[in-house]
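Participant: If you want the building blocks of each chain, they are given just below.
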Amino acid sequence: MTRPHLTLALTLAASLGAGAALAQSTITIAQQLEPPHLDPTSAAAQAIDQVVYANIFEGLTRFQGDGSITPALAKSWTISDDGLTYTFTLQDGVTFHDGSVMDAEDVKFSLDRARAEDSTNAQKALYAGITDVSVIDPQTVAVTLAEPNGSLLFNLAWGDAVIVAPESIGDIKTAPIGTGPYTFTNWVQGDRIELSRNPDYWGAAPALDSATFKFISDPTAAFAAVMAEDVDVFTGFPAPENLVQFDADPRFQVLVGSTEGETILSTNNQQPPFDNPLVRQALAHAIDRQAIIDGAMFGYGTPIGTHFAPHNPAYVDLTGQSAYDPDKARALLAEAGLAEGFETTLHLPPPSYARRGGEIIAAQLAQVGITAEIINVEWAQWLETVFRGKDFGLTIVSHTEPMDIGIYARPDYYFQYDNPDFQALMATLTATTDEAERSALLAQAQQMIADDYVNGYLFQLAQLSVAKAGVEGLWENAPTAATDLSAIRWAK
Amino acid sequence: MTRTLILGGLLSGLVLAMALLSLIWTPYDPAAMAIPDKLQPPDAAHWLGTDHFGRDMASMIMVGARTSIAVALVAVGIGMGLGVPLGLAAAARKGSWLDEVIMRGNDLIFAFPSLVIAILITAVFGPGAINAIIAIGIFNIPVFARVTRGGALPLWERDFILAARVAGKSRTRISAEHILPNVANLLIVQGTIQFSLGILAEAGLSYVGLGAQPPTPSWGRMLADAQTMVSLAPHLALVPGCAIILTVLGLNLMGDGLRDALDPRLRQVRR
Numbered sequence: 169m170t171r172p173h174l175t176l177a178l179t180l181a182a183s184l185g186a187g188a189a190l191a192q193s194t195i196t197i198a199q200q201l202e203p204p205h206l207d208p209t210s211a212a213a214q215a216i217d218q219v220v221y222a223n224i225f226e227g228l229t230r231f232q233g234d235g236s237i238t239p240a241l242a243k244s245w246t247i248s249d250d251g252l253t254y255t256f257t258l259q260d261g262v263t264f265h266d267g268s269v270m271d272a273e274d275v276k277f278s279l280d281r282a283r284a285e286d287s288t289n290a291q292k293a294l295y296a297g298i299t300d301v302s303v304i305d306p307q308t309v310a311v312t313l314a315e316p317n318g319s320l321l322f323n324l325a326w327g328d329a330v331i332v333a334p335e336s337i338g339d340i341k342t343a344p345i346g347t348g349p350y351t352f353t354n355w356v357q358g359d360r361i362e363l364s365r366n367p368d369y370w371g372a373a374p375a376l377d378s379a380t381f382k383f384i385s386d387p388t389a390a391f392a393a394v395m396a397e398d399v400d401v402f403t404g405f406p407a408p409e410n411l412v413q414f415d416a417d418p419r420f421q422v423l424v425g426s427t428e429g430e431t432i433l434s435t436n437n438q439q440p441p442f443d444n445p446l447v448r449q450a451l452a453h454a455i456d457r458q459a460i461i462d463g464a465m466f467g468y469g470t471p472i473g474t475h476f477a478p479h480n481p482a483y484v485d486l487t488g489q490s491a492y493d494p495d496k497a498r499a500l501l502a503e504a505g506l507a508e509g510f511e512t513t514l515h516l517p518p519p520s521y522a523r524r525g526g527e528i529i530a531a532q533l534a535q536v537g538i539t540a541e542i543i544n545v546e547w548a549q550w551l552e553t554v555f556r557g558k559d560f561g562l563t564i565v566s567h568t569e570p571m572d573i574g575i576y577a578r579p580d581y582y583f584q585y586d587n588p589d590f591q592a593l594m595a596t597l598t599a600t601t602d603e604a605e606r607s608a609l610l611a612q613a614q615q616m617i618a619d620d621y622v623n624g625y626l627f628q629l630a631q632l633s634v635a636k637a638g639v640e641g642l643w644e645n646a647p648t649a650a651t652d653l654s655a656i657r658w659a660k
Numbered sequence: 008m009t010r011t012l013i014l015g016g017l018l019s020g021l022v023l024a025m026a027l028l029s030l031i032w033t034p035y036d037p038a039a040m041a042i043p044d045k046l047q048p049p050d051a052a053h054w055l056g057t058d059h060f061g062r063d064m065a066s067m068i069m070v071g072a073r074t075s076i077a078v079a080l081v082a083v084g085i086g087m088g089l090g091v092p093l094g095l096a097a098a099a100r101k102g103s104w105l106d107e108v109i110m111r112g113n114d115l116i117f118a119f120p121s122l123v124i125a126i127l128i129t130a131v132f133g134p135g136a137i138n139a140i141i142a143i144g145i146f147n148i149p150v151f152a153r154v155t156r157g158g159a160l161p162l163w164e165r166d167f168i169l170a171a172r173v174a175g176k177s178r179t180r181i182s183a184e185h186i187l188p189n190v191a192n193l194l195i196v197q198g199t200i201q202f203s204l205g206i207l208a209e210a211g212l213s214y215v216g217l218g219a220q221p222p223t224p225s226w227g228r229m230l231a232d233a234q235t236m237v238s239l240a241p242h243l244a245l246v247p248g249c250a251i252i253l254t255v256l257g258l259n260l261m262g263d264g265l266r267d268a269l270d271p272r273l274r275q276v277r278r
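Residue numbers (the working numbering), protein chains in the order written: chain A, 169 to 660; chain B, 8 to 278.
Please keep in mind that the hints were generated in silico from the structure rather than gathered at the bench. Possibly wrong hints are sitting among the right ones.
Unchecked claim - Have a look at the derived ranges for each label pair, beta carbon to beta carbon:
#1 Glu541(A) x Pro161(B): 29 to 37 Å
#2 Ala293(A) x Phe117(B): 51 to 59 Å
#3 Gln357(A) x Trp104(B): 46 to 54 Å
Stated by the list, open to error - Derived list of chain B stretches under chain A, where covered just means 3 residues or more per stretch with a C-beta under 8 Å from a C-beta of chain A:
#4 15-26
#5 38-44
#6 214-221
As the list claims (entries may be wrong) - Covered stretches of chain A, as calculated for chain B (at least 3 residues, CB under 8 Å):
#7 407-419
#8 455-468
From a predicted model like this one, the values you see are computed outputs, not experimental measurements. Virtual Cβ for every residue (Gly too), placed ideally from N, Cα, C.
Sequences are here, hints too, so could you generate the full structure?
Facilitator: Here it is in structure tokens:
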């Protein structure tokens, strides 16, 4: 009688053990926003890159978790003496997920597509300086520039410059085919995207067999999902107030890193009274950054005094120049002829840094006599009225693109800062390849926009992630929007 | 006076008193932030604690009561102001095309879930207390029109109305002078109930961000703000939640009590 029972017990134990082992080779990662589609080369949506970057698609170069740029599909490169021609040697034996070989023709196709006249690439401007991409042999491709560009290798690492194949480009938005360590398997709209390991990957095989990306937009649901262990990781956790509870719970680890997100009180520089630099300076002194960081982000975030990431070596700390000083703000307003204060609008998109930060800023502005009417908007509405329509006084938004100080050289950009000196400075910067010189120019640029008080500079957004205790290899910082699965593994 | 009426009156009166008092005095400025003092539990300095910006919850509840009452009161006013005349007119011309038009129009509005339409209205015209009032008010119109018509129809069959008609009074005058006073008790009861529903609707709209906009304190938005902090500082949700419950409970009890006190038939049964 005992024997069959023992067998049964053994079988049961074996299957349970197998189940446990299986669970450890897969991971469920949650993020707040669902991608609109899966083509990183035709949209700015960060959610796309968070799923596909370095997992499904790869570029010639890539970002590492520490922000450095390393070779990816390009094994090595040489730069001509005049700095105009980059010759890339590609990795051997790279195939797309559909089995076709990745060669120089695909690189030419991808880069030509990104910089084409009718390109819908969100960062088209980054690749506009490329005049020619020519195939030398299947493993070698030459990129020619109109003028030297010190940030080409950096620009090519963006998700917007990943290598795609002309054969599979038609279905890229729903069935992406790249060269990365993971292949796209399934997308349940509104819920999750599933990836599985690419057995033919050219590089080192990743630890996880498969991964599921889940999309949970509601902060309360996000908290519940992590607490119930429905998800293993939550990247970009939307409710900073809950982190203290995860931190105290031995089941979880909390990762606090930096992002490239400069969170700013964007000011319509062409709309009176903000066309007066004195008024913008008054705004800057009316804002108490630390109160915003504490109140809206529960202490997570680094104050900034200009549009630049504090963890970048070229960063200059200019927070002192716009220190909180309501008396000075009132005096500046009086000097601008607005001693009685004025009324304006404050458009707030959904994230809590904006909604909560906006309430705090409105209260702070009220202290110096500025009445800011809060208008809560959804992202679509924000893009329509603020970003494209430029119909706003003030708004709060985090500019998450890396090294994006160049937006100040675009007079038609939504905050409409038009300074020919700054535009000339950016042109000089683009043409400069020497690191020390570039740092000096960047410092000058940071100073210039701080002197002009273009926007209210609040804080650098923190990258807040929660994971189960056994998860290793997660990016702490977010040098670009990405969830690099190949680095992630479960602790033994 | 029944116990229901007394209890309901007390609760409602308390809320009303709080709202009126907030016009001249609150413990703190409800908009004054003190971020270092955030999420304090109730204590002697802050009777109901502080919220996530360090604002005094007691002051916010008091001013929030004002917002709720103002929205609900005006919404009921709109409903009564338009609904009662419509109901009287429909009853006066029972069976005519006017009656049909009014009552089918009512059915049309009734056919839509009120909160969904309120969300639609605020989505189109923008969020804010005024639009919330209009949205809630529109849905009060058919309620009052129906109650008025229902109450007025049997009256038209009564002898004293017949006498008035024989005396040569116009239907409009009869409606105003004889019908309206006799349906007033119904309207008061219905008004109390609609008032409590209005407070709930305002809280609902504010909760989804379509009611009164910050910095105006509103109970519904206080609840929404508390959502992610419930486990951190439960009083953030409990305080506005209890305020809404007690107010609505009070108004409903008062409505029940008033009905008992005013309805002659119920009165006879009790005797």
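Participant: Provide an ascending list of the numbers of those earlier hints which the structure does not satisfy.
Facilitator: Checked against the structure, the hints that fail are numbers 1 and 4, while the rest are satisfied.
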